[in-house]
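Protein sequences, first through last, are from chains A and B.
Counting in our numbering, the first sequence runs from 110 upward without gaps.
Counting in our numbering, the second sequence runs from 899 upward without gaps.
By construction, these hints were calculated from the structure, which means they are not laboratory data.
Glycine residues also receive a C-beta, built at the ideal position from the N, C-alpha and C atoms.
Take these hints with a grain of salt, some might be off.
One-sided excerpt, in silico: chain A residues whose CB lies under 8 Å from chain B [stated by the list, open to error]:
id, residue
1, A165
2, G263
3, G264
4, L277
5, G343
6, Q344
7, A345
Across the chosen pairs, the derived CB separations fall in these ranges [stated by the list, open to error]:
id, chain 1, residue 1, chain 2, residue 2, range
8, A, R369, B, S981, 47 to 53 Å
9, A, T178, B, G982, 33 to 39 Å
10, A, N133, B, I1040, 49 to 55 Å
11, A, N179, B, D1053, 25 to 31 Å
12, A, E147, B, R1033, 19 to 25 Å
13, A, A249, B, G991, 31 to 37 Å
14, A, T446, B, G982, 33 to 39 Å
15, A, A444, B, S981, 31 to 37 Å
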Amino acid sequence: MTLDLSLLPDGGTRWLDASGEHSNVVLSTRIRLARNVEGFAFTGKARDGERLRVLAKVRDVVQHVPSLTNAVLLRVDEMPPGDRLLLHERHLVSKELAGLDTQHPVRSGAAVILSDQVGVMVNEEDHLRLQALRSGFELASAHAAVRRLDEELGGRVPFSYHQEFGFLTACPTNTGTGMRASVLIHLPGLVLTKEIGKVLAGLQQMGLTYRGLYGEGSEVVGNFFQISNQTTLGQAEEELLDKLVRVVRHVIEREEEARRVLLREAGYIIEDKLWRAFGTLRYARSLTFDEAMNYLSGVRLAVGLKLIHGLSVYTLNKLLIFSQSAHLAYSEGRALTESEANLVRARYVRQALASEAGSQG
Amino acid sequence: MLCDSCKERDAVVHLTQIVESAVTQLHLCEKCAAEKGVETTASTSAGPLAGLLQSAQQQMLGGQGDAARCAFCSSTLRDFRASGRLGCAHCYGAFEISLRELLRRVHGNSRHAGRRYEPPRAELLERDSTLGELRDRLRRAIESEQFELAADLRDRIRVLE
Chain A
110 MTLDLSLLPD
120 GGTRWLDASG
130 EHSNVVLSTR
140 IRLARNVEGF
150 AFTGKARDGE
160 RLRVLAKVRD
170 VVQHVPSLTN
180 AVLLRVDEMP
190 PGDRLLLHER
200 HLVSKELAGL
210 DTQHPVRSGA
220 AVILSDQVGV
230 MVNEEDHLRL
240 QALRSGFELA
250 SAHAAVRRLD
260 EELGGRVPFS
270 YHQEFGFLTA
280 CPTNTGTGMR
290 ASVLIHLPGL
300 VLTKEIGKVL
310 AGLQQMGLTY
320 RGLYGEGSEV
330 VGNFFQISNQ
340 TTLGQAEEEL
350 LDKLVRVVRH
360 VIEREEEARR
370 VLLREAGYII
380 EDKLWRAFGT
390 LRYARSLTFD
400 EAMNYLSGVR
410 LAVGLKLIHG
420 LSVYTLNKLL
430 IFSQSAHLAY
440 SEGRALTESE
450 ANLVRARYVR
460 QALASEAGSQ
470 G
Chain B
899 MLCDSCKERD
909 AVVHLTQIVE
919 SAVTQLHLCE
929 KCAAEKGVET
939 TASTSAGPLA
949 GLLQSAQQQM
959 LGGQGDAARC
969 AFCSSTLRDF
979 RASGRLGCAH
989 CYGAFEISLR
999 ELLRRVHGNS
1009 RHAGRRYEPP
1019 RAELLERDST
1029 LGELRDRLRR
1039 AIESEQFELA
1049 ADLRDRIRVL
1059 E
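The shape of chain B in the complex, shown without the other chains (with noise of 0.2 Å):
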């Protein structure tokens, strides 16, 4: 059985999810089970695996159920079951799980194959907020007749354009 996140490896941890009434299969690879917080260093000991995953399986559990709240926006899953909207791009990660089987259901598949993207670098995010903020400042001088602090910002402006 290949892993439900990766389609790559094989999966080796199995984890079973209840949300209200719906009983929903997840199949790890132990990569895959690592990132979202799975421990799987006992499924090639002899440890207590039992005890384990019972403790990932309840952890999930609790994490998914209807009041998980996103730590950036505090919306809950209850909130978009109600509104079918998300609060944030975090929520997407705070209700994983559930959003990935609705992503499922929706299209059919959870794995974007489409245009890759990478964001701009931090550099040139903060030369563009210096420069809103010099632009606000510029727009204030002139507005409020400062014309040699308004000359210093052009300047300043000009530079980092």
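Bound conformation, chain A alone (with noise of 0.2 Å):
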């Protein structure tokens, strides 16, 4: 291991911090703006040579872009494969820029500016991938940031645009705005009655889709989902907004109709099940992360519906991103086997659990 985290404004966790609104349910807020810089081929498409001058274009102007004072650059592509592991744990870099897919390994060139606030996925699909990632349920304050650092850095670096089409992309899914919003939410009450099925249909006709907890071909986890918008053409960003906002706090009422219906209907076998889920967090000697995953979804709902107390969401964030398997290397600061990580993520989790909820019940 040769990141030093501590390097990141706040190790790159803020967004963790449960500051946004109706944190409870959705863990975080992100907003991505794909953009070309005007004169090379596409990522996939471009030369050694040529990645490494966009790169090196974006670079020199960094310091005249204000929304990335401050900001870290960090050569994903010169890191060796745990590191880029780490960073796509933390959701900082997608799984295509770490070079995590089979199909897509790591490209010359592929990097990552972070501030605070920001940041900026070099030659990832696209040469640029401008994004804006918050805690809890917060677009609007996310597009404004991800908005001025566009114009700050188109302003700098011509970006592929055509009058018609909009911004130009590798994909023809982004065409147009190049701007995919996404919410992940936690919806273990709709999952729990089974009405999840009818909200997930009725998101695609509104034309919104929904993810697992990476983003792209993930599964679901955890019963945790990314909502996002499907299309990027033919609609101003705000309206894209405007309806993604409407439909996910539709979600969240449903969702908490459907604890309200469980608490009422079938109150001791919940308060039964999310019990043994915090007994078994609490108590167990080895975790996969799957079982971690779902048994802190469960613990999740428990201090939702104020079961269990003294448990902060940001504890139960943090545990979701510390708990994975890149992570639990980072701080034993060497690598693990499967069955060494299953006992270090239990022995992480119960000492998170002790300090904070102690034995309760």
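Taking the hints as your guide, dock the two standalone chains into a single complex.
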């Protein structure tokens, strides 16, 4: 491990601090804008030298971009796989940029620029992926930040833009605004009441889509869903965001209603299930990642229902991120086998719960 | 009928496009047709309209077949169909007709309605690239302990900044 995470503003974990709106249900909000630099083939087609020139061009102007004052630039292409996985687990770089996808090994010129409010992935599927990540349900502030970055950077680097089609991207599903706004939301109530299917089908009718915890191509774990806009062309950014805000508010209401129904109609069954989840996390000696995610989902629900006291949403958020394998290896300072990681994970979760929630019930 | 491209003026040029077995109709006003290189003076006079349109149609068919190639990055429409990713920004011009159709299917619309963008002025870009180059040279001068050159380069950077 060579990466020093303390160099990152807030260690790159500010988005976990549960400070945003509806933070018990909504873990985080992310908006990204896909942009390409005029005069170069897109990343997938570009030669190594071209990608390095794109990176150099961006690096040359960073100091003139106020949104990136004090930002850190990390060369993802020069990192060992463990460090790349660590950044991905922290939701700071995509699987593609980190080269973790077998179809897309890490590319020369792959880098990420991180400030405390916004970041830029360089040489992802598009040359630039501008992004803002926020704790809780914070689309408006995330959009304001990423839009400012877009204007500042686009005033220094020429972006590929077409009068009719808008911002040009490698994949036509991003053409136009290049904007993907997503909200990472915890919906155990809707899953337990089996209402989730209807809600997800409704999203698609509204031109929205959902993915798992890590975005595109990832599975749903721990009842976390990423809801985002499906289309990027033909509507202004504000219209796309308004629709997402309205739908997510509605989904939050449905989730709260589902929780009330659960307590009313299956009170002791739910209570028993959630306390068992807490008991397992509090005392287990070995936990796989999926087990930890599922039990943490139960404990998060129990905190939301005020069955468990003293446990902060911030701690629950940190547990989601820090119990992943690259994070455990980082904290232990060495590579771990899967069974070692399960032991370390169980110890880490036990200690975190003991210090905040103690023995209760 | 309104023009498919600008959606403002009446369509006067009607083209049929056949890619593989899919047949699509393109209806354009005179202005947009002219922008796309379709000769339309004949449409207002009694000239050999049929012949001109036929050649324009063939041109478009030829241009948008799977072998159509982007002059900038040399990707073909076939490459795009295989990978789902375009090679560069110029592909949007090279495969414009096919892409407009695809964008409509994917997004329900092909006309950008979001933030408008003006690229930075050429002088600013030139200054930034000169600055980038000077900084590179400064780095190299310091590494090779050419301090007089480094001082000179630093002055030039200050002036530009």
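ask   = Quick one, is the G264 (chain A) hint okay against chain B at 8 Å, beta carbons?
value = holds (5 Å)
query = Quick one: are T446 (chain A) and G982 (chain B) within 33 to 39 Å, going by C-beta?
reply = holds (37 Å)
ask   = Would you say the C-beta atoms of E147 (chain A) and R1033 (chain B) sit inside 19 to 25 Å of each other?
value = holds (22 Å)
inquiry  = Take the shortest C-beta to C-beta distance between A165 (chain A) and chain B; is it under 8 Å?
reply    = holds (7 Å)
Outcome of range test on Cβ distance (T178 (chain A), G982 (chain B); 33 to 39 Å) = holds (37 Å)
query = Range hint 31 to 37 Å: satisfied by the CB atoms of A444 (chain A) and S981 (chain B)?
reply = With Cβ atoms ~35 Å apart, the hint holds.
task = For the hint on G343 (chain A), just tell me whether its beta-carbon gets within less than 8 Å of chain B.
result = holds (3 Å)
inquiry  = Let's test the interface hint: is any C-beta of chain B closer than 8 Å to that of A345 (chain A)?
reply    = With a minimum Cβ separation of about 5 Å from chain B (threshold 8 Å), the hint on A345 (chain A) holds.
key: L277 (chain A) as chain B interface residue, shortest Cβ-Cβ below 8 Å   = holds (4 Å)
ask   = So the hint says 25 to 31 Å: do the beta-carbon atoms of N179 (chain A) and D1053 (chain B) match that?
value = holds (27 Å)
request  = Using the Cβ atoms, figure out if R369 (chain A) sits within 47 to 53 Å of S981 (chain B).
outcome  = Given about 48 Å between the Cβ atoms, the range holds.
query = Are N133 (chain A) and I1040 (chain B) spaced within 49 to 55 Å by their CB atoms?
reply = holds (53 Å)
Violated hints: none; the structure is consistent with every hint.
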